[in-house]
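Undergrad: Here is what each chain is made of, one letter per residue.
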Amino acid sequence: MPDDLWILGASMVKFGRYPDRDLMDIGSEAAVGALSDAAVSMADIDILVVGNQLEPVGGVGQRLQKQIGQTGIPVYNVTNACATGASAIRVVSMAIKAGEAEMGLAVGVEKMGKAGLAEGRAARPEKVAYEREGRTGAVMSVEGILGTDFMPGVFAHAGMEYARNHDGVGFEQFARVAEKNHAHSSLNPLAQYQKTFGLDEVMASPMMSYPNTLLMCCPTGDGSAAAVVVSGEKLATLDPAVRKRAVKVSASVLTTDPWVEGGEQQPDVNTLTRQAADKAYEQAGVDPQDLDLVELHDCFATAELIHYDNLRLCEPGGAGDFIDSRGPWRDGRIPVNVSGGLISKGHPIAATGVANIYEIVTHLRGEAGDRQIEGATVGLAHVIGLGSTCAVHILEKAAV
Amino acid sequence: MGERVSVVDYLVLDDGEPYLVATACRGCGATYFERHNACGRCFGTSFERRRMESTGTVRSYTIVHRAAPGVAVPYVAAIIELDGGGVVKANIRDVEPEPAQVGLGMPVAMTTFVAGTDDEGTEAVAFGYSPAVAAAGKRTDA
Ligand SMILES: [Zn+2]
Chain C
182 MPDDLWILGA SMVKFGRYPD RDLMDIGSEA AVGALSDAAV SMADIDILVV
232 GNQLEPVGGV GQRLQKQIGQ TGIPVYNVTN ACATGASAIR VVSMAIKAGE
282 AEMGLAVGVE KMGKAGLAEG RAARPEKVAY EREGRTGAVM SVEGILGTDF
332 MPGVFAHAGM EYARNHDGVG FEQFARVAEK NHAHSSLNPL AQYQKTFGLD
382 EVMASPMMSY PNTLLMCCPT GDGSAAAVVV SGEKLATLDP AVRKRAVKVS
432 ASVLTTDPWV EGGEQQPDVN TLTRQAADKA YEQAGVDPQD LDLVELHDCF
482 ATAELIHYDN LRLCEPGGAG DFIDSRGPWR DGRIPVNVSG GLISKGHPIA
532 ATGVANIYEI VTHLRGEAGD RQIEGATVGL AHVIGLGSTC AVHILEKAAV
Chain P
109 MGERVSVVDY LVLDDGEPYL VATACRGCGA TYFERHNACG RCFGTSFERR
159 RMESTGTVRS YTIVHRAAPG VAVPYVAAII ELDGGGVVKA NIRDVEPEPA
209 QVGLGMPVAM TTFVAGTDDE GTEAVAFGYS PAVAAAGKRT DA
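Residue numbers (the working numbering), protein chains in the order written: chain C, 182 to 581; chain P, 109 to 250.
One thing to keep in mind: the hints can contain errors.
[Stated by the list, open to error] Covered stretches of chain C (in silico footprint by chain P; criterion: 3 or more residues with CB under 8 Å from a CB of chain P, positions within the stretch not fixed):
1) 315–323
2) 336–347
3) 381–389
[Unchecked claim] Some but not every residue of chain C turned toward chain P, in silico, with C-beta under 10 Å:
4) Gly351
5) Val441
6) Gly444
These are calculated hints, taken from the structure and not from any lab test. All residues carry an ideal CB built from backbone N, CA and C; glycine is no exception.
Produce the entire structure from the sequences given, and follow the hints as far as they go.
TA: See the structure below:
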């Protein structure tokens, strides 16, 4: 089929802190790595899409192209908060489906240093006299005065709302999510942290925004990931050894948040995830119970728990039971975040969406080493960026 | 003595008991606290001011221990479902910042407090919520 999409190559730079490397160093390593993994060169690439969230001067895609190959192809820069990397994949996919490209390269790259998500907004300088500003006519920063918009708190709210509606969900269930992801990361050499913590250690670590403790929050960091996407038609012309490692993109979906009561005040991270997941399952003809592994957006432990339900990995309302029964552990019913997830693998914002796809691809190829989920044939990658955007991809191992 | 201003436009101080006012869509009734150009729900462009109830229940909360510079911690941030419709973000005051002291679904009532003073002595007045029993004396509908 002409509109078949495949991942031909994928690469990821270990997430961490790289004070001596700039954005181009990190982005180039992932881009060249993905091209090399796909056994193609920039001469084969019809479109380059680069995701980056924080670089203020922009033009990251054009700058990257000057480091990896200036062939005059169209370059697009995308920014979609934590869904930036997945959006880069979506833009390449749409260009291929539109018939404007046969093969494209998507890159997500970020350097965050130690600047926390919680410190993203500069304090307004002290006014001599109060003056109304913005769409609410605020006379001062209302962060901490009228509730909180800081990420650990926003996602704590999302988790606590789930706890309100479902008995048996509380601090301990959320903490178990982080316990699992830290344990999983101990098998992943590409993870920013690879240390195992007991449930008691997770619960006793410094409280950030109840119920999220420090060990239940993703760290900041630097990193990059890249993927080469190709059409089915083009794939059929390639060397059989290259074709054999290609992974099918069975579903690629992006949604934003529909209107809900209260969504203006507290971002609704559920509805857009449910809509993206349902559409993806339909596109792929895959049932949630068929999934061999899932990489989902655990920016905070509270987020992962509610996405078990949003992605239909558990019975409706059953996210607490799912984690209590170790369902999402790597030896459980549906392994979730076997990479260590954002909580321990790290979360360089724009790199995350591509890195999730790298992780699934690597397992479907049977190349994940110590963390390999044996015999994996179908996986799902999910990200959500506040604002909000959700992307869901379903990938399948398929004989070409 | 200086003047008083509300910390945001949607808190009304100069009309008897303080209350919140929303921008309500004339087409579908959706309410917003931000200025709106068109309705996110029905795309209508006609709005009216709506006085909101000062009581509600706690939809969700978090206890913030790491906050912006100058914000005292820990404090309880919450999402409040207002009686009669609408949802607002605010702090819960007059309660120990402990999970056992803040109930999901707990009834609350609006209170006001001074959040800051500028160089001309003008006080910025903000709103929060207190457990409904503790705030009973301040309720206008009791
Ligand atoms: Zn409307």
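Undergrad: Now look at each hint and say whether the structure bears it out.
TA: Taking the hints in turn, this is what the structure says about them:
Only residues whose beta carbon comes within less than 8 Å of a beta carbon in chain P count, and the stretch 315–323 of chain C has 8; three or more means the coverage holds. Residue count for the stretch 336–347 of chain C with a Cβ under 8 Å from a Cβ of chain P: 7. That meets the three needed, and the coverage hint holds. Counting residues of the stretch 381–389 of chain C whose CB lies closer than 8 Å to any CB of chain P gives 3, so the stated coverage by that chain holds, three being the minimum. The interface hint given for C/Gly351 is met, as the beta carbon of that residue sits about 9 Å from the closest beta carbon of chain P, less than 10 Å.
The criterion of a C-beta within 10 Å of any C-beta in chain P is met by C/Val441, whose closest approach is roughly 9 Å, and the hint holds. Because the closest C-beta pair between C/Gly444 and chain P is about 8 Å apart, less than 10 Å, the hint holds.
Going through the hint list in order, the structure satisfies each hint without exception.
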